[in-house]
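For the record, the sequence lines run as chains A and B. In terms of the working numbering, the first sequence opens at residue 1 and continues consecutively. In terms of the working numbering, the second sequence opens at residue 1 and continues consecutively.
If you are wondering where the hints come from, they were derived from the structure by calculation, not from laboratory data. From the three backbone atoms N, C-alpha and C, an ideal C-beta is built for every residue, glycine too. There's no promise every hint is true.
Straight-line C-alpha distance at most 20 Å; calculated SDA-like pairs for lysine to any residue [as the list claims (entries may be wrong)]: (1) K198/A x Q41/B; (2) K198/A x F10/B; (3) K138/B x K118/A; (4) K198/A x P129/B; (5) K198/A x F53/B; (6) K100/B x W67/A; (7) K100/B x A123/A; (8) K118/A x K100/B; (9) K118/A x I58/A; (10) K97/B x A123/A.
These stretches of chain A come out as covered by chain B in the derived footprint (C-beta under 8 Å, 3 or more residues) [unchecked claim]: (11) 19–27; (12) 30–40.
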Amino acid sequence: MSTDINWLKYSSPQAFYPLAGSLIPWFACMAVALMGVGLYIGFFIAPTDFQQGEAYRIIFVHVPAAWMSMFLYVVMAVWAGIGMGLNARLSFMMAQAIAPTGAMFTFLALLTGAMWGKPTWGAWWVWDARLTSELILLFQYAGVMLLRTSIDDVRRADRASAVFALVGVVNVPIIYFSVQWWNTLHQGASVSMAAGSKMVSTMLTAMLLMTLAFWLYSIAVILARVRCVMVERESLPLWDEKAAVIQETVGAR
Amino acid sequence: MKPRHKRFAFIGLGLLVLGVATVLILNAFQSNLVFFFTPTQVASGEVPQGRSFRIGGMVEDGSLVRENDGLTVRFIVTDTAKRVPVTYKGILPDLFKEGKGAVAQGKLNADGTFVASEVLAKHDENYMPPEAAEALAKAKASGAQQSKSLVVPQGRQGSL
Chain A
1 MSTDINWLKY
11 SSPQAFYPLA
21 GSLIPWFACM
31 AVALMGVGLY
41 IGFFIAPTDF
51 QQGEAYRIIF
61 VHVPAAWMSM
71 FLYVVMAVWA
81 GIGMGLNARL
91 SFMMAQAIAP
101 TGAMFTFLAL
111 LTGAMWGKPT
121 WGAWWVWDAR
131 LTSELILLFQ
141 YAGVMLLRTS
151 IDDVRRADRA
161 SAVFALVGVV
171 NVPIIYFSVQ
181 WWNTLHQGAS
191 VSMAAGSKMV
201 STMLTAMLLM
211 TLAFWLYSIA
221 VILARVRCVM
231 VERESLPLWD
241 EKAAVIQETV
251 GAR
Chain B
1 MKPRHKRFAF
11 IGLGLLVLGV
21 ATVLILNAFQ
31 SNLVFFFTPT
41 QVASGEVPQG
51 RSFRIGGMVE
61 DGSLVRENDG
71 LTVRFIVTDT
81 AKRVPVTYKG
91 ILPDLFKEGK
101 GAVAQGKLNA
111 DGTFVASEVL
121 AKHDENYMPP
131 EAAEALAKAK
141 ASGAQQSKSL
151 VVPQGRQGSL
């Protein structure tokens, strides 16, 4: 390695805490900027759809949210797996920090899906394979979080929720391929590695920008949350300079 | 093998076993996981008798007839191989059109007519402005490809 930076040092919470803190504003700003551009293109530049009229525009939130819900679950499971394998504290903390954001995106995907389903299909909700498996994903996120809070010992809570997260990862390919494996009311994938895109390029641009924005948002929020988790767990003197000042003043009294 | 290698191997093996088990379970429940039956399945008697189920397919061009009461509609659902006549009393979704996908819930009559209690429109995964759709329709008239997922999910087309 030609670099002088020792990346491994960031596997310790004490070193990662300030790094995360300095990264958050960058990711947050880029997320807001990209979301603005994505929504502008989506709502003002992208053309009206030939079948669905304006109703289709919810796709610019729905699809990125659904992608993130699945992607974040996989990332959470990977961190949980690394945590199990290496007994790494920071990995478990990352897994813990990801769950609420993943649950939020799952809920957002279900909500926007319902709002889209009523004007196009004629139903808020149907029990087809795609919708049902996505609902199960929401329950999985809830399960991971509940399991963690129900066990007082942090290390046991880490392991139990890691096993839960790893087992649940089988649902992700089921969600993704449900529209191919079974006949569903939900339409097939508009964008895929194999078949390319079935959308006009401005629509696709808006959707991909929104996806990137959701990514950056997730990173910013998860880094912020993992910092909270660290402070909460380690009950160490806070590593922030500001907090250190408070500590000193408190100590001086 | 170091202990951490063992742990990773254990996790990997666990996921593999879990994956295989899931595939087997999903295969066993294959018929319970479909949202609707195709007209071909109706014709070959694979559908549940005497209770409500869903059929899905394309609304045949020129088959939509509105009765005089203004509420009852008749149309034919097809998967290009078989056709099933459907009657429905109620309001159709906006996207319900001839030549587009639809899913209907209801029961099969003795005379082979499907009496629907609910009709849903199924739209496809193509998004484009109306001008592009027109251009595509022209191209289709000269024999170009179109999405088939309206009737049959991809990957199962061969089984029809």
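- Item | Hint check against the structure, violated hint numbers in rising order | Per hint list: 1, 2, 3, 5, 6, 11, 12 violated.
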